[in-house]
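Visitor: Given next are the chains, with one letter for each unit.
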Amino acid sequence: MGGLKRKSSSSAKALAKSKKKKGPHLPNSILKVIANQKRPLNSDEEDDDDVIGSDDEHGGDLYEYEEGVPEEESRKNNRYDRHDNYDYELPEDFEDENVESEDDDDGGNSDNDEAEGDDDDDDDRHTRMLQSLTGMPSAAFEGESKSKPVLFTEAYPEGEFNPTRDVLEGKNVLTEEDFLAPLEGTPGYQKTSKQIARMRKDTKHVVHAPLPKPQRERLERKAVIGLVDEEFSKWVHLVKKNREAPTVYFNQDVDLGYSTVGAIASEFQPRTEFEKKMASVLNDSEVSMEDHIKDHNHIAKMRSLLFRHEFKSKRIKKIKSKTYHRLKNKDLKNSSLGALMDPEMAKEEAMRQEAKRVEERMTLKHRNTGKWAKRMISRGLNVKYDGPKAAIAEQLQMNANLSRKMNSMRDGSSSDESDDEEEFNDGSDEDTPSRLIAKAKEKTLKALEDDEVPNAGLMSLPFMARAMKKKNEEANEEAKRALEEYEEWENSGGENSKKTVNVSGRRVFGATAKVEAPKESRKDSDNFYDDSDSDNDMAGIEDNNIEPVRDNASPARNTITEAEKFDDDVAGNPASKTTFDVAMFASGSWKKMTGSKNTESKKAPKKTRAPIPQAQDKKGPRDEESGDSESEAEQMVDGVLTSASKETFEVPSQAELINRAFAGDDVLDEFEKDKEEVLNQEVPKPEKPVLVPGWGDWTNIQKKRGISKQMVQKHEAEKKEWEQGLKTRKDARLKHVIISEKVDKKAEKLHTTTLPFPFTSKEVFEHSMRMPIGPEFNPSTIVGELNRPEVVKKTGVIIKPVKFEEVNPNDEVDDEHPRNHQKQRPKKKTSRRQGKVKSK
Amino acid sequence: MEVALEDNNLMEKVLPPDEQEIDVELEAKEKKYLRGEGANLESLKDKKLKTQLASREKLYGKSAKAAAKIEKWLLPASAGYLETEGLEKTWRIKQTDIAKEVDLLSSKNQYDIVLPDFGPYKLDFTASGRHMLAGGRKGHLALVDMMNMNLIKEIHVRETVRDVAFLHNDQFFAAAQKKYSYIYARDGTELHCLKERGPVARLRFLKNHFLLASINKIGQLHYQDVTYGDMVASIRTGKGRTDVMEVNPYNGVVALGHSGGTVTMWKPTSQAPLVQMQCHPGPVSAVAFHPNGHLMATSGKERKVKIWDLRKFEEVQPIHGFHAKTLSFSQKGLLAAGTGSFVQVLGDSSGGGGGYSRYMSHSMVKGYQVEKVMFRPYEDVLGIGHSMGWSSVLIPGSGEPNFDSWVANPFETSKQRREKEVHLLLDKLPPETIMLDPSKIGAMRPSRRKERPTRGEIEVEKEVAIEAAKSVEMKKKTKGRNKPSKRTKKKKELVENAKKTFPELEHSNIAGKKRRIGEDAAAELPASLKRFARKN
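For the protein sequence lines, the chains are A and B, in the order given. Be aware that the first sequence starts at 1, since it is given in UniProt numbering, and climbs by one per residue. Be aware that the second sequence starts at 1, since it is given in UniProt numbering, and climbs by one per residue.
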């Protein structure tokens, strides 16, 4: 009964489906009636529809074909291990679990009944088989099988949670009608039936059967891939940009929090009661920080003073000398008491002290009787060190001078200056040049007069004598010229020639002039020194003591000359010495040179040195030019001036030319030979195969055959290689050049042996290396960019994961702008922060 | 006539120049700073490398552009020049004429220092041109500050002085004297006596390498490191005595001129000359190098001066009619040649080095023998050392108008000088970096052996061999051996034989290599892992 119902419902469903397409729409009740009563009519229609149709053909057999229970499950004779059948699954559209009919059970039983028959057959066969196998009577086995007359195909008894196979396979399914039928006639029936009808019509909301799992999963995967792709493709440009960027920056967010304790303190907010109290006390107190610091400093100072005083007093306290204490007490009494008692007395005292000091100065100074001098002498420092020695010497000197001065003043007669001058022979005196000249004149005359030729030794040899004579003549000539010059000089007067006098034959351009200038300045300074220090003092004293009848000049001069002498003796300026040497050297030579030349040559460098006004400077050379060009055209020395049109050089004769051209006649051949040699060294020529006597022959067979073919071939190959080697040389086509192709082992380390990784061709690599990237070769604006590392980050900065941002894929990777942006931002930040800290 | 000297007369352009013109100029300058073209990136397969190199190239371009702009707009001074009108010739212009035209500061550079006693003078300038060293043959050494014409120090060594040379700055100088050469400090103190070199004829200092190179009387070339005093190399040239020696400022290669008319070039790390050139049929009297290192000028006694291109080692231009005792290139490429009492300055009209022609001339007093000419760096001044002292003349357009204070600073303070010294020492190049083409440093090592034949070459060879085997004429044989079947068989055999030689070689090579690789891998592994090494 139940089975029939079930079937009819399914057929009705199918009918409804078909009706949808084909026939007119019928009300639900009619359809139901049709389905229930006129089943046989429809059977033809559904003939080839499905299994149900085939069932109908078998004369309304309600039970369907059922697959045999699998052998494992049937547990035939326990041949198989017992295993639980969990292989059930609820169909998805199995909605109602609660509904269960008794019929089902019955059906199941009947099923089993039928299956029993089959089983009996099987058992028979089985027992037979056992009999044949074991040889035991069948009765022995019979009992076993009979003891279990009912076999359950299902693993578990049917129930709420164990639906029958039919249910599982989608047959015998309950329909809405099944549920509605009992409700017919009840008040809400119409409504619900209508609703159900509507539901049926509504195909959109029909939930189709799910697709098989693999297919479903494939579809799911597809969908997911699409989604994921979309999600990821958003990042592609960003990632690509980052990958292609020559530099990745991680210095954007470098806010590391507080950098200093001060920064932390500045942010501090009082929270607890205690803190608040403290804050109020601190903020509201009237004592400012500056005052506090001042106080602190003051206290510290006082303390240190006290400490020092204490120390001192301790030390003084320790002194046990009675005299010291007595004197000290006396002093104390005198000074404090006296001064306190009577100001006049104090004044007197001061005056007395002053007078005493003056007296002491008068008497003791310059006699090595001063405190300092005594100490120096007693300790022997005057011998040991130059400074004190000089100072003491100076004091003595001064003393001598002064005493002499005093004596002379007493005598009233002037000292003879000439003696002094002759002694020191100084050039600073105005009269000296003339005297010098006179002396020189005398000497030259003397030299002119005595041309004695040595009679013996090397000089007496005839050619030496001749040479000497020649030289003498020359010397005489020069001497005469010099004499003339002297006279001329004397005539003209010694004002302007002051400078020339200093130059003796040697044309000095820098050093002598330099030496000269300081001399004058030194004089000045000496004078100044004397005046300020000793002279004035002495003068003052003298004025006090004796009537001033002295002219100021003579002492001054004396001091100068002496000082200079002293200078020369002690210091011995090396520069001046060398120039002096050079000068000597020069004057010893026999070159003739006019005086005017000297002055000229001297002028040139001086021009540049001296800060003379420009106009004058410019005038100089022109004047010279005009003057010289007439008189000494041939002997002109100054190249610049004579750069006139005298480009005369002799055209050498033909013979001379040829001689010169072919000076080294075989030079070219030699070079060729050299080249051959070098080539042979670097690309050795293969040796010709030769017959080695005794090799490969007993008799004369080898001689007849000649050199073996192999050897000849080998030689030829070698020769070819050699020629190739010669051809590939750089100097193959340059006849006049030998370029060494020796490998410099030391320089090999400057080359790479293999191409660095990403490069695959030598050319590309070498081209990429052509530009230097150092700061010496590139503008400073680009150097940083050229040498930037791949990753820019600050130490300690946490690198955050990439954030999504829109990137235009068509944009080229622009390295510049982000960098500037990023670079400057953190700087600003830090500066701002610092500012904050400072302000607070 | 119009004369302008650098540093002083800033050329004022009346017309604002067209922008296009500027662009062209900038482009030319940019090209110079790009130092050649970039590699062809199209041929690259590696995309990553391609993008990397492209971005690199972009940066290089940027750098070159910036440099060009700086040169165009920020370098203040323009080079001096000499302009003639009508029939005037530049070489007829005298120093006196120039003196009238130029400003005072420049005219101060025209002078003669007459020192007849210690005769012919050698000169040397520091790199900045601030200081000059003059060495008289008879022992007079003078160190002069050229800026204020201040004689810093002069000493007399009382023996022959053959050559003088500054070391890296004005603080030290070397003098080649009669028996030994000496190093002096600025104040004339003798610091070192270099006895190992023997009597030196010429001294040159290699600034970047801190090497003092010298050639002595017996033709030995010595390189001494002045930083730690080691003799880096002593080379026997084997070409006899010479006193012609010059350093190529571009690569530090020393050139010697020999009596056989050859010029040889040397580096300290090889005993054999790098290059030998037969430049003249007669003795070589002087050699000079252009500052860019590509041009060399030589002078032979056969009254010829030749200009050589050192990239090709070819003669670019012969100049007939005079021989020079001394040659010198200026920073801007003018060539000064001194003979007797006559100094000629040649200018390059073409710019490429091929068109040297007369530019200026200067004759000194007859009887003066020019010993040495040398352009003062960063000034339009030519220093001439001669038998009667030294002279200084103006050659407009000879010096570089703008100095780079990182390279050479004429206005250097002592602090800067000290810092520079430290930098120089840190940047000192080892002696092995001296080579003909220093731009090759860092490149791939040139292969020592001949390269193996490529696959294509092998295939071509194979084909040729097969063809040859096929076209072999068969002998006519008798006794049934001349059958067509036999003949074809024989021919096949020949071809097979011809084929066999080639692939066999290849395969054996590859197999051998594979095995070797496997063995290497096995050998490299630690003992415990050796059993896991792949066995071939």
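It is possible that part of the hints are untrue.
[As the list claims (entries may be wrong)] Taking lysine to aspartate or glutamate pairs in the EDC-like style, the calculated list, with each CA pair at most 20 angstroms apart, reads:
| # | chain 1 | residue 1 | chain 2 | residue 2 |
| --- | --- | --- | --- | --- |
| 1 | B | Lys207 | A | Asp731 |
| 2 | B | Lys239 | A | Glu677 |
| 3 | B | Lys62 | A | Glu244 |
| 4 | B | Lys58 | A | Glu766 |
| 5 | A | Lys749 | B | Asp427 |
| 6 | B | Lys58 | A | Glu763 |
| 7 | B | Lys428 | A | Glu748 |
| 8 | A | Lys240 | B | Asp46 |
| 9 | B | Lys72 | A | Asp295 |
| 10 | B | Lys45 | A | Glu763 |
| 11 | A | Lys749 | B | Asp46 |
| 12 | B | Lys50 | A | Glu670 |
| 13 | A | Lys746 | B | Asp46 |
| 14 | B | Lys239 | A | Glu676 |
| 15 | B | Lys239 | A | Glu763 |
| 16 | B | Lys312 | A | Glu169 |
| 17 | B | Lys301 | A | Glu670 |
| 18 | B | Lys440 | A | Glu776 |
| 19 | B | Lys440 | A | Asp731 |
| 20 | B | Lys440 | A | Glu244 |
| 21 | B | Lys239 | A | Glu776 |
| 22 | A | Lys762 | B | Asp46 |
| 23 | A | Lys746 | B | Asp230 |
In short, the hints are calculated from the structure, not lab data. No experiment lies behind these values; they were computed from the predicted model shown.
Visitor: Straight-line Cα separation of Lys239 of chain B and Glu677 of chain A no greater than 20 angstroms?
Guide: holds (15 angstroms)
Visitor: Within a Cα-Cα threshold of 20 angstroms, do Lys239 of chain B and Glu676 of chain A meet the stated pairing?
Guide: holds (17 angstroms)
Visitor: Has the given pair, Lys746 of chain A with Asp46 of chain B, been kept, meaning a C-alpha gap of at most 20 angstroms?
Guide: violated (34 angstroms)
Visitor: Within 20 angstroms, alpha carbon to alpha carbon, are Lys239 of chain B and Glu776 of chain A?
Guide: Outside the cut-off at roughly 40 angstroms; violated.
Visitor: Given the hint that Lys50 of chain B pairs with Glu670 of chain A, test it: the Cα-Cα distance must not exceed 20 angstroms.
Guide: Judged against 20 angstroms, a Cα distance of about 53 angstroms means the pair is violated.
Visitor: Given the hinted pair Lys746 of chain A and Asp230 of chain B, is their Cα-Cα distance within 20 angstroms?
Guide: holds (17 angstroms)
Visitor: With the threshold set at 20 angstroms, check whether the alpha-carbon distance from Lys749 of chain A to Asp46 of chain B stays at or below it.
Guide: At roughly 28 angstroms apart (the allowed maximum being 20 angstroms), Asp46 of chain B and Lys749 of chain A break the hint.
Visitor: Given the hint that Lys762 of chain A pairs with Asp46 of chain B, test it: the Cα-Cα distance must not exceed 20 angstroms.
Guide: It holds: about 14 angstroms lies between the C-alpha atoms, which stays within 20 angstroms.
Visitor: Lys428 of chain B and Glu748 of chain A: Cα distance at most 20 angstroms?
Guide: holds (19 angstroms)
Visitor: Can you confirm whether the C-alpha distance between Lys440 of chain B and Glu244 of chain A stays at or below 20 angstroms?
Guide: At roughly 30 angstroms apart (the allowed maximum being 20 angstroms), Glu244 of chain A and Lys440 of chain B break the hint.
Visitor: Given the hinted pair Lys239 of chain B and Glu763 of chain A, is their Cα-Cα distance within 20 angstroms?
Guide: Violated: Lys239 of chain B and Glu763 of chain A sit about 39 angstroms apart, past 20 angstroms.
Visitor: Just to be careful, I want the Cα atoms of Lys58 of chain B and Glu766 of chain A compared with a cutoff of 20 angstroms; is the pair within it?
Guide: At roughly 17 angstroms apart (the allowed maximum being 20 angstroms), Glu766 of chain A and Lys58 of chain B satisfy the hint.
Going through the hint list in order, the structure does not satisfy hints 1, 9, 11, 12, 13, 15, 16, 20 and 21.
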